[in-house]
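S.K.: Got two chains here, each in a separate frame; can you build the complex from them with the hints?
Protein chains in written order, with this note's numbering: chain A, 110 to 438; chain B, 98 to 437.
Don't read these hints as lab results, they were simulated from the structure.
Far from chain A, by Cβ distances over 12 Å, these chain B residues were calculated:
| no. | residue |
| --- | --- |
| 1 | Asp121 |
| 2 | Ser294 |
| 3 | Gln364 |
| 4 | Lys386 |
| 5 | Gln391 |
| 6 | Ile403 |
With a straight-line cut-off of 27 Å between C-alpha atoms, the simulated DSSO-like cross-links for lysine-lysine are:
| no. | chain 1 | residue 1 | chain 2 | residue 2 |
| --- | --- | --- | --- | --- |
| 7 | A | Lys143 | A | Lys128 |
| 8 | B | Lys249 | B | Lys223 |
| 9 | B | Lys246 | A | Lys128 |
| 10 | B | Lys246 | A | Lys270 |
| 11 | A | Lys143 | B | Lys246 |
| 12 | B | Lys223 | B | Lys279 |
| 13 | A | Lys270 | A | Lys143 |
| 14 | B | Lys279 | A | Lys143 |
| 15 | B | Lys249 | A | Lys128 |
| 16 | B | Lys279 | B | Lys249 |
| 17 | B | Lys279 | B | Lys246 |
| 18 | B | Lys246 | B | Lys223 |
| 19 | A | Lys128 | A | Lys270 |
| 20 | A | Lys364 | A | Lys427 |
Note that beta-carbon positions come from the ideal geometry of N, C-alpha and C, so glycine has one too.
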Amino acid sequence: MPELRLLDAIRQAMYEEMKRDERVVVLGEDVGPKGGVFGATDGFWAEFGEARVLDTPLAESTIVGAAIGMAANGLIPIAEIQFSDFIFPATNQIVSEAARMRYRSNGAFGCPIVIRAPYGGGVEVHGGLYHSQSIEAFFAHVPGLKVVAPSVPYDAKGLLKAAIRDPDPVLYLEHKRLYRAVRGEVPEDDYVVPIGPAVVRRPGTTLSLFAYGQMLHEALAVAAEMAGEGIDVEVVDLQTLRPLDVETILASVRKTNKALIVYEDNRFLGFGAEVAAIIAEEAFDALDGPVMRVAGLDVPAVPYADPLAAAFMPSRAKIADAVRRLATY
Amino acid sequence: MVDRDRQTATVQARHVTLGLSDDDVLRMYHTLALARALDERMWVLQRAGLVPFVISGQGHEGAQVGVMWATDRARDWLVPFYRSLAACLAKGMSARDLMLGLFARAEDPSSGGRQMPAHWAHPRLKILSTSSPVGTQYLHAVGIAYAAKLRKTGEVCVTSVGEGGTSQGDWHEAMNFAGIHKLPVVFMVENNRYAISVPQRLQMAVDDVAVRAAGYGFPGVVVDGSDVLACYEAGREAVRRARAGEGPTLIEAKVERLTAHSSEDRQEKYRPTADVEAARSRDPLVVFKHYLEQVGLLDERRYTEIHAQIRAEVDDATAYAERAPWPDPATVTRHVYYEG
Numbered sequence: 110m111p112e113l114r115l116l117d118a119i120r121q122a123m124y125e126e127m128k129r130d131e132r133v134v135v136l137g138e139d140v141g142p143k144g145g146v147f148g149a150t151d152g153f154w155a156e157f158g159e160a161r162v163l164d165t166p167l168a169e170s171t172i173v174g175a176a177i178g179m180a181a182n183g184l185i186p187i188a189e190i191q192f193s194d195f196i197f198p199a200t201n202q203i204v205s206e207a208a209r210m211r212y213r214s215n216g217a218f219g220c221p222i223v224i225r226a227p228y229g230g231g232v233e234v235h236g237g238l239y240h241s242q243s244i245e246a247f248f249a250h251v252p253g254l255k256v257v258a259p260s261v262p263y264d265a266k267g268l269l270k271a272a273i274r275d276p277d278p279v280l281y282l283e284h285k286r287l288y289r290a291v292r293g294e295v296p297e298d299d300y301v302v303p304i305g306p307a308v309v310r311r312p313g314t315t316l317s318l319f320a321y322g323q324m325l326h327e328a329l330a331v332a333a334e335m336a337g338e339g340i341d342v343e344v345v346d347l348q349t350l351r352p353l354d355v356e357t358i359l360a361s362v363r364k365t366n367k368a369l370i371v372y373e374d375n376r377f378l379g380f381g382a383e384v385a386a387i388i389a390e391e392a393f394d395a396l397d398g399p400v401m402r403v404a405g406l407d408v409p410a411v412p413y414a415d416p417l418a419a420a421f422m423p424s425r426a427k428i429a430d431a432v433r434r435l436a437t438y
Numbered sequence: 098m099v100d101r102d103r104q105t106a107t108v109q110a111r112h113v114t115l116g117l118s119d120d121d122v123l124r125m126y127h128t129l130a131l132a133r134a135l136d137e138r139m140w141v142l143q144r145a146g147l148v149p150f151v152i153s154g155q156g157h158e159g160a161q162v163g164v165m166w167a168t169d170r171a172r173d174w175l176v177p178f179y180r181s182l183a184a185c186l187a188k189g190m191s192a193r194d195l196m197l198g199l200f201a202r203a204e205d206p207s208s209g210g211r212q213m214p215a216h217w218a219h220p221r222l223k224i225l226s227t228s229s230p231v232g233t234q235y236l237h238a239v240g241i242a243y244a245a246k247l248r249k250t251g252e253v254c255v256t257s258v259g260e261g262g263t264s265q266g267d268w269h270e271a272m273n274f275a276g277i278h279k280l281p282v283v284f285m286v287e288n289n290r291y292a293i294s295v296p297q298r299l300q301m302a303v304d305d306v307a308v309r310a311a312g313y314g315f316p317g318v319v320v321d322g323s324d325v326l327a328c329y330e331a332g333r334e335a336v337r338r339a340r341a342g343e344g345p346t347l348i349e350a351k352v353e354r355l356t357a358h359s360s361e362d363r364q365e366k367y368r369p370t371a372d373v374e375a376a377r378s379r380d381p382l383v384v385f386k387h388y389l390e391q392v393g394l395l396d397e398r399r400y401t402e403i404h405a406q407i408r409a410e411v412d413d414a415t416a417y418a419e420r421a422p423w424p425d426p427a428t429v430t431r432h433v434y435y436e437g
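Bound-form chain B, shown alone (with noise of 0.2 Å):
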């Protein structure tokens, strides 16, 4: 049994106090957890050229899952981007939707092998199918909401970028109508600091992305993106503000990124050691996984046992990915138009 005559007062508080359970809090970190795993399986898998490509989400977990638990993640949208694959977990996916897509496995739910890994998308989730140039999903993300206003449906949409993207026109276009038309969209932007090996100095002239809304009309706040309690707090306050007519809020989760770019990436040609060491410490994972045992609802046996689980479920994710078919050739020309 977890000791709970070790909880303090002022920490047990917290996650009680924005109104989760134990349960709740339980599952986020599985969900962090899961998401760590598969990336660094991802990784295995590259570097021993099962798999030619990865590109990793390590270090923005705590944003991503903190805020998707603010949304409802049945009727709310997901338009994601290429390091969303936590965010994704949350909405829904699973282990094997993930590791199908980066073997490129006809079952691939997000594109059929067509697209490159980490291009995810899944319409019964409603998690918006998304390119490769960045930034562009901004304004996918506005459509949906002004449909979803214009059709009172209720839904808001989540949608996010890296700093990187927020220098692209239509980052500030999707802002500026979105915020016009008082939409139902939270703009997420995961600053790691880096757009590869571009530092943020060279991408902008401020600190804090988060002052930009102020331009466009709307609240913009940074949060600890190593912190998931405060990215969910952040988070709820912006899917109430969107649900409640109030329009749309920027989250500028200040998240690490614990990797290279991408497999192609060597980022200790641009990034001092002690950077991705301080990055290190700052890991979500580790301090997520701290507060809850300082809370008393992780000690080593339940954290065994969830990472036990975890363990399964990758190797079962992996195997079944990388025994699953490749797509048709005689599929390539297939669902350019509407076949019916």
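The shape of chain A in the complex, shown without the other chains (with noise of 0.2 Å):
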């Protein structure tokens, strides 16, 4: 089974979809001939044409607003953000418009498209305040909007495809840092990774350590390290972030009693409040710690200086250090 890039499998998603449905059509700022800031649609342009691989003017209201209408009308856009702090401008058709198209008419129009954002930072990522926000906890507070943010090529092929053919809108969101810094075996032929469901990614007893994206490989690194100090990490991998699978957060912290949420997204209000207070609310009984979180200093987004992006980010001594604290209430 050939080895790929997270980027890879992202792109094999994308073209093996519009391969098999003609109704699947890209759109984005330099998504056409250039394929894409990243490469996600290198080569797409040459192959399905301008009409399917469509360079938008630089708007991104326009890039959603657009998608809406075109799915209303029979196509399943693929919507490119270039990065995801640019997300801001199409809230609107993205909160009040495409989340809200079922709902608001009584299961009569659907509203079946992606937007695709690449996100998150870090030191290697060197994005700065505006290259590097996390948007998660903003978009997946919306009903009628699921959020899916992979950290494997393997999952990040299937979530893809999943989230093509599903009749909602899925916000997918690709950390930049993974894009090229983790391969993973990745089949060639068609599946699809359901949305919703986490993943174990590391059983253990001591504690569970929930975490995705990026942060997932901080949690498995930290908990290999601990691994030798006698700490058995359980890390369960979110993977979807709305629906959220609470029944997978459960039965872990069920299992081990402690619970640690790591997020790169600032601390107060962050994805993984959410997290801590359905495992207060639904499993008090089985704790024997605090839910405990490591998450992304409350200064606005990621500075820009390698120092201060560390300073920023919940680093893997960060983590461990909550890890050693947890273990040992």
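M.R.: And the structure:
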């Protein structure tokens, strides 16, 4: 089975879906001859033509708003927002329009669009305040929208195919650090990874560590390191943030009796706050310690200079420290 | 019988020259008058405390019916806004459909009682559901038009907004996108000179919204929104252009807002009485009635017949909607996601 980078898995998923179904179109700034700023649509323009691989004006509301109309009239648009940081001009189209189309029409109109958005920061990304943000909590808050944040190539491909075939709007978040840093086996054949289920990436007994995206890999590294100290960390990849796999989260906590959530967004009201609240509400009796969070600092976003970016991020050292404290609680 | 001897060659020529039959213009009048009667009844129901909220299309009916008559109403799309009552009727929604929305009943085809009144939708009739923030629907219309072009369906999409909505970024973005791709879309602006209470001079530094179309690479035309036939003519040319692959047209219809913005608004706080009175003198229903009388298609007897029929239709719709069951509270969590 070929080993692919996360970026290649994403590209392959879109390519196969465009081949499979002529209703699938790609639109966004630079997705055409350039093939996307990260290369996710490399070669698509030449193969599928400019009508199906559409370079849009530099206007995010257009990208999402037009996609909504295309979907209403029989297309399956994949809308690319070049960096998640630029998604906010399209927020109204995503939240008030796409996510509510089905509810507000009493089920009559759906909105089968996928919005792809590279997100996330860290020293390796060098994105600064406006090329590094984690935006998932804003959008995971919205009923009617599905939010996916894959961490490994196999699931990235399968989840993107599921998103394209999904009858509802899906925000598909791609961590930029993982594009070229993570490799994994990806079947060449057609397969779908369902939107929803979380995945236990490493079973353990001492505590449960919940993460997604880049932080999943940090969590796995810390878990391996902790094994040497006799701390057996279970690592759960949330992978789909909405709908959230509450069952897997609770099952893990009931097994280990301790929970740590790691996410690189701002700590305050970040995605981990919801996970913590669910655990506190549903599995209080099982807990042998406080539900803990390691998250990005509460400054506007990831600063540019390396030492500042490093200080912002939930580093392995910060995670390891929290794991030790929770393990010995 | 209508006295055809009183017709003058000049006035008679107008709708005939446009290719409209006598039957066409009478049906157009019926649609205008039905829209007005429904709208007026809605206000009565609100004032009587039977429904919480009304937002009105009174004064806009001529522009809407005129332009919609120029479309293929079975094949083309409508992406409406909250004053599009007459356009939705012209597209095929019934008086009952509209009243069910007002009463927020389960059977309301637009939203099943989930949205405020006047947020129309009808998938079979190709009327797309809209939200309340203004101008956003322009982008959906261009997406629909893009899909129509790519799929070669031959469909045209009509969308409409008030002049207040033209201040929104989405409005400009949609015009830009449609111009670039020469999309089969007809953009309407129903300019009644007030965005709730804010007058046009505080919305834009130009007299005519239509001039902006040039900046996006397609024609913009100004029409008298009180003149149904002028609106039909503008619509016909816009639809022809769209269908022929020549791209979008912006039609700015100068219309009158005969009521307050909504049942929650008191326009006497910001609108001079003389302005409201002047608006009444340009009521499209009155203007169109006068035309039909002039060409001998409408006399007192036929007028009475039409309006008796409309009255019965509005009474039926009101009674039907009032008696219709509320949505079941158990359905409140339905249709957030696809249910199969």
